[in-house]
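Start from chain H and add chain P according to the hints.
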Amino acid sequence: MPISTNRRTLLTGAAGLGAAASLGACANARVVGFDKSRKSLDIANSSEPLSLDPHKATGSWENNIIGNMFIGLTTEDANSEPIPGMAERWEVSEDLLTWTFYLRRASWSDGEACDAHDFAFAMRRILSPETLSQYASFLYPIKNAELIHNPPEGTAALSPDELGVTAIDDLTLEIRLEHPAPYLPQLLKHYTAYPIPKHVYERVGDEWVKPANIQVNGPYKLTRWWSNYIIHLEKNPRFYDAENVELEHLYFYPQNDVQAAARRVLSGEAGWATRFPSNQVEVLRRDLPGYVRVSPYLTVNYFSFNMTRPPFNDVRVRQAISMAYDRDFVASQIYRTGEQPAYKFIPPGVYNYATTARYPWAGQPLEERKREAERLLREAGYGPNNPLRFAFSHRNTSDNPRVAVVAQNDWNAIAPWVTVELRGVENQVHYANLRAKNFDCGDGGWIGDYNDAKNFLYLFESRTGAQNYPGYNNPIYDQLIRDSDVERDDARRAQLMLQAEELLLREAPICCSVFINSTNLVHPDISGYEDNIEDIHRARWFGIRA
Amino acid sequence: MLALAVRRILVAIPTLLAIVAAAFLLMKAAPGGPFTLERQLPPEIEQRMQAKFGLDLPVGEQLARYIFGSDEGGGLIRGDFGPSMTYKDKNVIEIIAEGAPTSALLGLGAMALALLVGGGLGVMAALRQNKIQDYAVMALAIAGVCLPPLVVGPVMQLLFGVQLGWFPSQGLYRDEFGLAYLILPIVTLSLPLIAIVSRLMRASMIEAMRSNAIRTARAKGLPEAQVIWRHALPIAILPVVSYVGPALAGVMAGSFVIETVYQLPGIGKQFVYAAQQRDYTLVMGVVLIYSFLIILMNLAADLMYRVLDPRTRTA
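Chains as they are written, first to last, in the working numbering: chain H, 1 to 546; chain P, 1 to 315.
Bear in mind the hints are in silico, worked out from the structure with no lab data behind them.
Just so you know, even glycine gets a beta-carbon here, dropped at the ideal spot from N, CA and C.
Incorrect hints may appear among the rest.
[As the list claims (entries may be wrong)] Here are the simulated lysine-lysine pairs, DSS-like style, with alpha carbons at most 27 Å apart:
no.: 1; chain 1: H; residue 1: Lys235; chain 2: P; residue 2: Lys88
no.: 2; chain 1: P; residue 1: Lys52; chain 2: P; residue 2: Lys88
no.: 3; chain 1: H; residue 1: Lys210; chain 2: H; residue 2: Lys143
no.: 4; chain 1: H; residue 1: Lys198; chain 2: P; residue 2: Lys28
no.: 5; chain 1: H; residue 1: Lys235; chain 2: H; residue 2: Lys210
no.: 6; chain 1: H; residue 1: Lys210; chain 2: P; residue 2: Lys52
no.: 7; chain 1: P; residue 1: Lys28; chain 2: P; residue 2: Lys52
no.: 8; chain 1: H; residue 1: Lys210; chain 2: P; residue 2: Lys88
no.: 9; chain 1: H; residue 1: Lys39; chain 2: H; residue 2: Lys210
no.: 10; chain 1: P; residue 1: Lys220; chain 2: H; residue 2: Lys437
no.: 11; chain 1: H; residue 1: Lys198; chain 2: H; residue 2: Lys210
no.: 12; chain 1: P; residue 1: Lys88; chain 2: P; residue 2: Lys28
no.: 13; chain 1: H; residue 1: Lys198; chain 2: P; residue 2: Lys52
no.: 14; chain 1: H; residue 1: Lys344; chain 2: H; residue 2: Lys39
no.: 15; chain 1: H; residue 1: Lys198; chain 2: H; residue 2: Lys235
no.: 16; chain 1: H; residue 1: Lys344; chain 2: H; residue 2: Lys235
no.: 17; chain 1: H; residue 1: Lys198; chain 2: H; residue 2: Lys36
[As the list claims (entries may be wrong)] Just so you have them, the derived chain H footprint on chain P, three or more residues with Cβ under 8 Å:
no.: 18; region: 29–35
no.: 19; region: 47–59
no.: 20; region: 83–89
no.: 21; region: 267–275
The following block holds chain H by itself, in its conformation from the complex:
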């Protein structure tokens, strides 16, 4: 998913607003963010959900809510590792293409059975083009999924009935795949693979997700959704593991302003904030001892070079610009929560991917790199008589403008004849520009949707289309990714992806910047909260420390 925590962040004006508002570290004396006697938890979530329908959701802040309401075939433990969910166990065929899931006996919150038919129905619905799901492409490894959802131009879409998902009986679900996908258990815990209550949907259609209609199979049920104000979930007594769910009420507040999120915790009105301003980490560590949680995250910030036009259609220019950028400074001085400089593209800690990829020049000191950059630029024909000028477009939210200034400074310092102009714009406009290739060099970020290197590398496949912002088009790269898709051996698959990543670093369609950490404020008396690379924390694991 995109770095969406920023996508809906307020206008820059609101940053000032947040600062002003934080002057009055306010408290509503009656709200206790983590109320042990009422077993309730108030959560400062990063934004207002655009949808709570798992087939239409797109953001991590929506996942925070939806994932407490539904359980897929697999689900996540406190460490976000896949564990059996609605499926108690599964078998994989010899050719790795057919998976058979054996479901547990369980029910929806209204008592109706939640079974294999609900899963088959849900997967057909999300892939049906009428549903207008934006994330359905996650399920493309399933047989015929892509041909149903987004058929190649000129061919008619298949009917959703052709999907390779069959309810063999009430408790047995068979999923056939296009190609081996050893990461299927990772994928099936994602919200795109959640079941929806078929019996409710057949009665009320898309309205099924309204509080009055919704039935859930997970630990919590939606009781109130007040737009841009509060969402209230209550424990679902019919959840199969309800006896081990300790918290009774969850209240989610959309907190677009990251300062306000921290303030809500400071004032005791929230027991958990899903992020905090990283430049305040020292103050927060002092004022909220035991609350600050920082962890490596499946997120990389990178700059795209527009390869479809000069100057960045020349690999030497791209390399030079990547080289001269001081990511160490940005990682340590702009971000303050131990972020790692990115000398490679895929964040460390990705499942089954022990990467050794690194920029070839990663070991050299910055001064040397700047000299080398100047040499490369001269070689590419730039110099005092042919100065290099380009614009760096960035999002004007969060830390991005400050990063942009550092980058501009580094690049201007290569030589007096290098001039970089900054163009900060609103997120929506920025992405529109990137997609339209209306930029020279532009910032961006990527949060992995599931814990697999493929979820990062696919961005630069030529078939990815407009989202391949640099317009990178290398048949060798494409082939490596395709080969890795059909490779059955985990180690060999990792090897293929590693080659692709190394190619990416050499050809530099992008300049890797920083691996972002996840930041949370968590009441120290909440047990069962574990730091993890996906930054997914389900309330069913939370308990109360005496």
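Leaving out everything else, chain P in the frame of chain H:
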């Protein structure tokens, strides 16, 4: 009077349509769209999304569809504001209905307070013109206009919410609604209004006290209190009435700053978020409500004029 009201309401319809058209075209002129996201949609899906909301049509047709609806129904003239383009599970009416009570209460409360306090202070300042009371009131008014709610809000929270603990400092109590939670926001919102109302009141009261009507009243030997309340005030209040109409519409349509500082669920916040996300239908919905309020309040102000000022009745 009835004829005037009917005439004005009839004129309001084309005015509203013009506002709708202008706002619609302005929205369209902003770059990006509701589906310009970082994760690009598959082309097929994006086309379908565009088609669902009619965004693939020429702008003129989009506008026509928004106002008159399509074959499947909808359209403003049928009272349908359409589905929200970003909040996929809700339609515009639902979203506005969730936020409107808070914003309306805030606006009405703030204006009532402004009229009582601002009006009273203005009259007092006028009657004590160039005396210490006058200067004090005017100094307060200047401060009220100069200090934005952005500054006053947090200070009030700190003082009355945290230090003194008299009022809840922000938000409702989870999803519970109560007037007590709105007191501080109402006061904050009303301060600039009090300032403006008191200045207006003062100026027009001074003028009224010098008018022939008042001289006549005094010459008749009426007691001073009656001169002021029966004769001067109805004349002096006219400029205030014409200010209050549109201003009331403004505050009732929601205040982004107040709603953010006090964490309240109003439509002012919705409007700003919607504009950022290019949620065309939601933006249009709020614009419509606001314009409708403006027209309504202006009409109300004009009718009030007729009641208060005998001269306009014959004109």
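Structure-based check of each hint:
| no. | hint | verdict |
| --- | --- | --- |
| 1 | H/Lys235 - P/Lys88 | holds, 25 Å |
| 2 | P/Lys52 - P/Lys88 | holds, 12 Å |
| 3 | H/Lys210 - H/Lys143 | violated, 32 Å |
| 4 | H/Lys198 - P/Lys28 | violated, 38 Å |
| 5 | H/Lys235 - H/Lys210 | holds, 17 Å |
| 6 | H/Lys210 - P/Lys52 | holds, 21 Å |
| 7 | P/Lys28 - P/Lys52 | holds, 17 Å |
| 8 | H/Lys210 - P/Lys88 | holds, 11 Å |
| 9 | H/Lys39 - H/Lys210 | holds, 25 Å |
| 10 | P/Lys220 - H/Lys437 | violated, 81 Å |
| 11 | H/Lys198 - H/Lys210 | holds, 15 Å |
| 12 | P/Lys88 - P/Lys28 | holds, 20 Å |
| 13 | H/Lys198 - P/Lys52 | holds, 24 Å |
| 14 | H/Lys344 - H/Lys39 | violated, 44 Å |
| 15 | H/Lys198 - H/Lys235 | holds, 21 Å |
| 16 | H/Lys344 - H/Lys235 | violated, 43 Å |
| 17 | H/Lys198 - H/Lys36 | violated, 36 Å |
| 18 | 29–35 | holds (count 3) |
| 19 | 47–59 | holds (count 3) |
| 20 | 83–89 | holds (count 4) |
| 21 | 267–275 | holds (count 4) |
Hint compliance for this structure: hints 3, 4, 10, 14, 16, 17 are broken, all remaining hints hold.
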